[in-house]
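Enquirer: Using the sequences provided together with the hints, build the complete structure.
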Amino acid sequence: MTDMVANGTLSRGEGRRGVHTTAQADARLRKRYAAELRFKLYGLAAVSVAILALVVLLASILHGGLTAFVSTQIRLDVEFDPKVIDARGGREALLQADWAKIVDAALEAKFPDATSRPARRALSGLVSPGAQQELRNMVIADPSLIGQKRTVWLTASSDVDMFMKGYYERPKPGAPEGGRINERSIGWIDRLVAEGAIEKRFNTRFFTAADSREPELVGVWGGIVGSFYTLLITLALAFPIGVAGAIYLEEFAPKNRFTDLIEVNINNLAAVPSIVYGLLGLAVFINAFGMPRSAPLVGGCVLALMSLPIIIIAGRAALKAVPPSIREAALGVGASKMQMVLHHVLPLAMPGMLTGTILAMAHALGETAPLLMIGMVAFVVDIPTSPLQAATVLPVQIFMWADHPERGFVEKTSAAIIVLLVFLLAMNAVAIYLRKKFERKW
Amino acid sequence: MLKRMTAVLATAGLGLVVAGTAHGQARDQIRIAGSSTVFPFSTLVAENFGKMGKFKTPIVESTGTGGGIKLFCQGVGAQNSDIANASRRMTKAEFEQCQKAGVTAITEVKIGFDGIVVAYKKGGPKIDLTRAQIWQALARQVPVDGKLVANPYKTWNQIDPKLPNLAIEVMGPPPTSGTRDAFVELVMDEGCKKFPVVMALEGQARRQACAQIREDGAFIEAGENDNLIVQRIVSGKPGVLGVFGFSFLEENEDKLSGALVEGVVPNFDNIASGKYPVARSMFFYVKNAHVGVIPGIKEFIAEFTSEKAMGENGYLEKKGLIPLPKAEREKVRGDAANMTALSL
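As you go down the protein sequences, you meet chains H and E in turn.
The numbering of the first sequence is this note's numbering, which starts it at 728 and goes up by one.
The numbering of the second sequence is this note's numbering, which starts it at 3 and goes up by one.
Treat the hints as calculated values from the structure; they're not laboratory data.
Computed from a predicted structure; not experimentally measured.
Treat the hints loosely; a few may be bogus.
Under 10 Å between C-beta atoms, here's a sample of chain E residues computed to sit facing chain H [claimed, not checked]:
| # | residue |
| --- | --- |
| 1 | S44 |
| 2 | G52 |
| 3 | T65 |
| 4 | K102 |
| 5 | T106 |
| 6 | E110 |
| 7 | N229 |
| 8 | S249 |
Below, in silico cross-link-like pairs of lysine-lysine (DSSO-like), each with a Cα-Cα straight-line distance of 27 Å or less [stated by the list, open to error]:
| # | chain 1 | residue 1 | chain 2 | residue 2 |
| --- | --- | --- | --- | --- |
| 9 | H | K828 | E | K310 |
| 10 | E | K321 | H | K828 |
| 11 | E | K195 | E | K156 |
| 12 | E | K124 | H | K892 |
Okay, the calculated bits of chain E under chain H, using three or more residues with CB under 8 Å as the criterion [what the hints assert, rightly or not]:
| # | segment |
| --- | --- |
| 13 | 55-64 |
| 14 | 253-267 |
For glycine and all other residues, C-beta sits at the position ideal for the given N, C-alpha and C.
Expert: Structure follows, in structure tokens:
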């Protein structure tokens, strides 16, 4: 090849040798090189488009979501007025007390200029309704607070939070009243900023709370726990069944039309849209078996059905990769077929099977469609404590937050996507680690 | 390996056994399913109800009105839902379905109104439409010279010279959405009444002529997610209209303006007073047989119908609910407390 190039390009005159040295041959050669270059560039362009799409996606999610990891807090001097909070009634009375009044009193003490009714309503809108729970929990933990005055940091309302993070523009002076935040509230916020009484702090609630209707009070913990229980059930069902199925099909099953049929069906099942599994789950697990709706148990069963074909296919590939010599050697020294499989083949195939299983789990972690049908797309505030309690999962949480009208949910949605991506990356990293660590080459 | 696998299998088996025993056990948590329009309000009441600390927070599912009523009407017993949310009244067919399944006593609670707005990016020319004009802009076939022809209108001023010279581009929800149903019922079906050619048609033909929306690109189905429509309008070119729930307009007042319909501004007061024509009522339905079986249902209804929730300046109003007039609220509260059974 190089010779020809040299000939074609260097010697155009008299001393040409060989057959492919005419001007047409040169043109053909150039054409071939150009075609190859174009082919390479198409590939490069395809990869660049994919990378660009990924970068744009990640950048937009990070840009929109990172602010959700901090939340705005307001410092207030709160008086735990014994006239409002009655300590004698015990926990029950503390739960029932008018905590809104305590919060409003603290705000009015800070900004005595709010006297009219709309002004006072706007004032109480600076602080999140969650502040009432924060104070209540403080007093339940330490009832001696009643009658005292304390400086506390309370969660700001979503509107204030959005304004502090720059999502709302400052209205021009003289602009008509209205909008989510007006000149009066901004005046108060400016005073708080000047006093250092308003701060953005790390949003621990986002990692400890479950769903809420107030964007500043939501958290992903409920979704994470739900996802954990769901995947636990999925793993407990899909892994043993999948491995057993793969071993039978690969090592024991006779090759006949029936096993061929099974094989074709398994490959087909791997391509069935996931919502179909949801319908199946609704019909079988909930309606026929009477399992509880919205429970991770049912979700886990449905996702197990969905991941089974993937695990079986990966498991069979891993078993196939074990060289026949291992089997023959085991059988040769007198091992039974079961000993051969369990003592020799399976341990060697396990890393491949585990990789396949983890990837199937990562796939299951990102699913929402099959869970729609079985009622896991639901508003669940209590963090589930068992796989039988109603729960929701991380991707469903994202799906639901994206649908809420409140502006604050936009950043929370992106932040939840970041959390989900971190989990997916971690699972894929484990799969890669297992493969690298236990992989054997023959 | 074998031992480990047996252990895993045993765990899985145990899980199924536990599941089996759970069936038939009483629930201690209210279950609600239904309309995605009522969902934001129902969940807020559920959350506040749970925060009071006496009962567990109810589970609220967003299945759509039809789906919610179907679940509700499956029968009496802990495996069926207790409350159905609806953005329209229960139909006679659904009511009969319920009766057949043994759900005989149902309490209907009307919670308030929700407006549907036609909105556009702030800063464009002011848009004032009648329902007839909206119908002319969006129907698949419109009368021209006394005959129904495929919709020829490309710009608003072709319909009425007083309207701005802007291309007709409207983003709205797909037919699976409850908002779309309501839009068709409240705007399209009303708008077409102004045209004698359409009114001359009979039955199915008339219904189709009124309700069918053009598919030549002037109406863009922007997906179930109302936020998506808002975002596309805000980032798009001026003059594009969007159809969505009033709470999304309220939440984005700094970026959007609502088009006037029949000369009425879509704002809180006009929807509450019934002046704004594109508004619907929202309901929830309670299974009376579950009261006393599932703990907290009566208390949940009391919380929902309380003045601090669905009243004026109540917490639901902050989320975009338009309260009922005072007298009606009181009647609803009374009926709900007595669990007056619905009859259709």
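Enquirer: Have a go at the K102 of chain E hint: is there a Cβ in chain H nearer than 10 Å to its own Cβ?
Expert: Violated, about 17 Å.
Enquirer: How about G52 of chain E: closest beta carbon in chain H under 10 Å, or not?
Expert: Constraint on G52 of chain E satisfied, holds at 5 Å.
Enquirer: Hold the hint about N229 of chain E up to the distance rule: shortest CB distance to chain H must be less than 10 Å.
Expert: 7 Å, holds
Enquirer: Does K892 of chain H sit within 27 Å of K124 of chain E, going by the straight-line distance between their CA atoms?
Expert: Cα-Cα ~22 Å, so holds.
Enquirer: For the pair supplied as a hint, K195 of chain E and K156 of chain E, is the alpha-carbon distance within the 27 Å limit?
Expert: Distance ~22 Å between K195 of chain E and K156 of chain E Cα, so the pair holds.
Enquirer: Please work out if K828 of chain H and K310 of chain E have their alpha carbons no farther apart than 27 Å.
Expert: Cα-Cα ~14 Å, so holds.
Enquirer: So, T106 of chain E near chain H? Judge it on the closest CB pair being under 10 Å.
Expert: Given a least distance of 22 Å, the restraint on T106 of chain E is violated.
Enquirer: Quick check on the hint: S249 of chain E CB to chain H CB, less than 10 Å?
Expert: Hint on S249 of chain E: holds, closest Cβ of chain H at ~5 Å, below 10 Å.
Enquirer: Is the shortest C-beta separation between S44 of chain E and chain H less than 10 Å?
Expert: 8 Å, holds
Enquirer: Just to be careful: measuring from the Cβ of E110 of chain E to every Cβ in chain H, is the smallest value less than 10 Å?
Expert: 22 Å, violated
Enquirer: Check whether the Cα positions of K321 of chain E and K828 of chain H lie no farther apart than 27 Å.
Expert: 21 Å, holds
Enquirer: Within the assertion that chain H covers the segment 253-267 of chain E, do at least three residues meet a Cβ-to-Cβ distance smaller than 8 Å?
Expert: holds (count 4)
Violated hints for the displayed structure, listed by number in ascending order: 4, 5 and 6.
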